[in-house]
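Novice: Those protein sequences? They're chains S and F, same order as listed.
So the number in my numbering is just where the residue sits in the first sequence, counting from 1, plus 34.
So the number in my numbering is just where the residue sits in the second sequence, counting from 1, plus 5.
Source of the hints: derived by calculation from the structure; they are not laboratory data.
A few of these clues could be false.
Cβ-Cβ distance ranges computed for the label pairs, FRET-style [as the list claims (entries may be wrong)]:
| # | chain 1 | residue 1 | chain 2 | residue 2 | range |
| --- | --- | --- | --- | --- | --- |
| 1 | S | 149 | F | 154 | 51 to 59 angstroms |
| 2 | F | 8 | S | 165 | 40 to 48 angstroms |
| 3 | F | 111 | S | 112 | 41 to 49 angstroms |
| 4 | F | 154 | S | 99 | 37 to 45 angstroms |
| 5 | S | 218 | F | 134 | 28 to 36 angstroms |
| 6 | F | 154 | S | 48 | 46 to 54 angstroms |
| 7 | F | 146 | S | 75 | 33 to 41 angstroms |
| 8 | S | 63 | F | 191 | 33 to 41 angstroms |
| 9 | S | 149 | F | 17 | 33 to 41 angstroms |
| 10 | S | 177 | F | 191 | 20 to 28 angstroms |
| 11 | S | 48 | F | 209 | 23 to 31 angstroms |
| 12 | F | 190 | S | 164 | 36 to 44 angstroms |
| 13 | S | 102 | F | 11 | 32 to 40 angstroms |
| 14 | F | 19 | S | 218 | 31 to 39 angstroms |
Think of the CB as a built atom: it goes at the ideal place given N, C-alpha and C, for glycine as much as any other residue.
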Amino acid sequence: MALIEIDDLTVTFRSKGREVRAVEGVSLSVEPRESYGLVGESGSGKSTILRAICGMAPVTGGSIRIGGKPVPVPRGRAFSTEVQMVFQDPYASLHPRHTIDRTLSEPLAIHGVPGRDARVVQALTDVGLPPAFRFRYPHQLSGGQRQRVAIARALMLRPKILLLDEPTSALDASVQAEVLNLLNRLREEQGLTFLMVSHDLAVIDHMCDRIMVLQHGRTVEEMTRDDLASARMTTAYARSLFDASADRMLDASTEPTP
Amino acid sequence: MTTLRAWLSDPNPASRRQARLGQAWLAWQRIRRNRLAMAGLVIVGLLLLVAAFAPLIAPHDPLTQDLSRRLLPPGTPGNLLGTDDFGRDILSRIIFGARITLYIIALVAVTAPVLGLLIGTVAGYFGGWVDATLMRLTDLFLAFPRLILALALVAVLGPGIENAVLAIALTAWPPYARVARAETLTVRSSDYIAAIRLQGASSPRIIAGHVVPMCLPSVIIRVTLDMAGVILIAAGLGFLGLGVLPPTPEWGLMISSGRKFLFEQWWVATMPGLAIFIVSLGFNLLGDGLRDVLDPRSASR
Numbered sequence: 035m036a037l038i039e040i041d042d043l044t045v046t047f048r049s050k051g052r053e054v055r056a057v058e059g060v061s062l063s064v065e066p067r068e069s070y071g072l073v074g075e076s077g078s079g080k081s082t083i084l085r086a087i088c089g090m091a092p093v094t095g096g097s098i099r100i101g102g103k104p105v106p107v108p109r110g111r112a113f114s115t116e117v118q119m120v121f122q123d124p125y126a127s128l129h130p131r132h133t134i135d136r137t138l139s140e141p142l143a144i145h146g147v148p149g150r151d152a153r154v155v156q157a158l159t160d161v162g163l164p165p166a167f168r169f170r171y172p173h174q175l176s177g178g179q180r181q182r183v184a185i186a187r188a189l190m191l192r193p194k195i196l197l198l199d200e201p202t203s204a205l206d207a208s209v210q211a212e213v214l215n216l217l218n219r220l221r222e223e224q225g226l227t228f229l230m231v232s233h234d235l236a237v238i239d240h241m242c243d244r245i246m247v248l249q250h251g252r253t254v255e256e257m258t259r260d261d262l263a264s265a266r267m268t269t270a271y272a273r274s275l276f277d278a279s280a281d282r283m284l285d286a287s288t289e290p291t292p
Numbered sequence: 006m007t008t009l010r011a012w013l014s015d016p017n018p019a020s021r022r023q024a025r026l027g028q029a030w031l032a033w034q035r036i037r038r039n040r041l042a043m044a045g046l047v048i049v050g051l052l053l054l055v056a057a058f059a060p061l062i063a064p065h066d067p068l069t070q071d072l073s074r075r076l077l078p079p080g081t082p083g084n085l086l087g088t089d090d091f092g093r094d095i096l097s098r099i100i101f102g103a104r105i106t107l108y109i110i111a112l113v114a115v116t117a118p119v120l121g122l123l124i125g126t127v128a129g130y131f132g133g134w135v136d137a138t139l140m141r142l143t144d145l146f147l148a149f150p151r152l153i154l155a156l157a158l159v160a161v162l163g164p165g166i167e168n169a170v171l172a173i174a175l176t177a178w179p180p181y182a183r184v185a186r187a188e189t190l191t192v193r194s195s196d197y198i199a200a201i202r203l204q205g206a207s208s209p210r211i212i213a214g215h216v217v218p219m220c221l222p223s224v225i226i227r228v229t230l231d232m233a234g235v236i237l238i239a240a241g242l243g244f245l246g247l248g249v250l251p252p253t254p255e256w257g258l259m260i261s262s263g264r265k266f267l268f269e270q271w272w273v274a275t276m277p278g279l280a281i282f283i284v285s286l287g288f289n290l291l292g293d294g295l296r297d298v299l300d301p302r303s304a305s306r
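With the hints as constraints, model all of the structure from the sequences given.
Specialist: Take a look at the structure:
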């Protein structure tokens, strides 16, 4: 049974009498431990799908099911322990006046989880940060280190599903690879399911088993990683996206993977 | 000393307390570089010391009358700043008046900003009709001239220091609510609030633990800058006979009693006026300095 099932999802933003359909009739299903990628230009509605899952976008049609059950409205605490999200901009997603320790222990405090100190230290080591960073503030960390903290925070409640909203697009290339490898390792270790958004096919190719290409809020094409690697796309739009990042994908595949 | 400094500026603090003290140390370093802010801090510090040790510093009892020594000019031996129309020593009255000024400031500082923060953050965080209701209420209070509203409240409640403080606090909160709401609006749609909401945090927890810390610096700055205004309103109420009652040595009241002979015995009204001026200036300078230190936009570097 699929872990995430989205059926005919429509998201409509209303503002001052104007309606904008950000997502129209998108359906997808993600198996447990699978990594699923959403690709498209900005404005294609890919981030909106993630936000709709979290209850941060107005769903006006269709259904979202996690583990076979429709998501509750409002999402509630049980949902927090199943689904977590990593945001795009690590400079905006950490509270500037909280130490790393506070940021990481807050979810445990909300859910009344015992043994916080040990779990915070464990979480830092899991994402490859020295425990000495525990009482630093976000402004004392680099972008990549911040994103590692954001990943650690998303994993504090041990969710099954991680929604990744362009987790590396704000980072420079070398740090980007480190964070992507970290995410792959964590998925392996903790048996996570990824639903990942990116505008960069090279990143998606590195991370995802299956891919959906979106344009103007509609599905253009769904394909597997093998289809992508051998450039077997059926639509012209998907091909143009592929051509735009093909050279970097070849680079990535010739590099030995650690 | 050097080990303490190293401990405070350690980039990898080992405990929550060390991290917090380290941040305070950095803020202190920043304010120390600002000369005007230091001047303000010294004035406010002196006010605190004078108020704390008033009985030790004051040369005379502020309430003892001596009609044979009334209206003596400044510089008279034994009465450095002269005496008033009842022969009371003006310097002693100013020194004891510092206590009352500080009492009023402290009471206003713990009531008005707290009320304003609460209303502003709740309005900004929830938005919609909650925001509309609370902000129209705020507008209602802002539409009254502050002193007139305070006057009306004191007239209803009766004169006295507590009622004066209550009146000032009730008229002082709307600007804090405005500031807090504006900050909340910029914060509420940020990713870190979305993240904590996704972690299952309740609205009171988000407001108290995540929104208020972001609003606090602007409110603290605003409070410090407003303190001068609070002193002036308290003095104004005293001047009009609606604040502190005589014979309590309150600065506004002292100016009021000196008004009758402002041209012949100018020092009776001028000396407490100078005290108000210096303390107001001190709070304004300190507020400006705190803006440089606490402003989240400069501190986030």
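Novice: Take the hints in turn and mark each one as holding or not.
Specialist: So, going through the hints one by one against the coordinates:
1. 149/S <-> 154/F: 51 to 59 angstroms: holds (54 angstroms)
2. 8/F <-> 165/S: 40 to 48 angstroms: About 23 angstroms separates the Cβ atoms of residue 8/F and residue 165/S, which means 40 to 48 angstroms is violated.
3. 111/F <-> 112/S: 41 to 49 angstroms: holds (46 angstroms)
4. 154/F <-> 99/S: 37 to 45 angstroms: violated (57 angstroms)
5. 218/S <-> 134/F: 28 to 36 angstroms: Taking Cβ atoms as reference, residue 218/S and residue 134/F lie about 47 angstroms apart, which means the hint is violated.
6. 154/F <-> 48/S: 46 to 54 angstroms: The hint (46 to 54 angstroms, Cβ to Cβ) is violated, given that residue 154/F and residue 48/S are roughly 41 angstroms apart.
7. 146/F <-> 75/S: 33 to 41 angstroms: violated (49 angstroms)
8. 63/S <-> 191/F: 33 to 41 angstroms: At 38 angstroms between Cβs, range holds.
9. 149/S <-> 17/F: 33 to 41 angstroms: Given a distance of about 23 angstroms, which is not inside 33 to 41 angstroms, the answer is violated.
10. 177/S <-> 191/F: 20 to 28 angstroms: holds (22 angstroms)
11. 48/S <-> 209/F: 23 to 31 angstroms: holds (29 angstroms)
12. 190/F <-> 164/S: 36 to 44 angstroms: Since the Cβ atoms of residue 190/F and residue 164/S sit about 37 angstroms apart, the hinted range of 36 to 44 angstroms holds.
13. 102/S <-> 11/F: 32 to 40 angstroms: Given a distance of about 57 angstroms, which is not inside 32 to 40 angstroms, the answer is violated.
14. 19/F <-> 218/S: 31 to 39 angstroms: Given a distance of about 32 angstroms, which is inside 31 to 39 angstroms, the answer is holds.
Hints 2, 4, 5, 6, 7, 9, 13, counting from the list given before, are not met by this structure.
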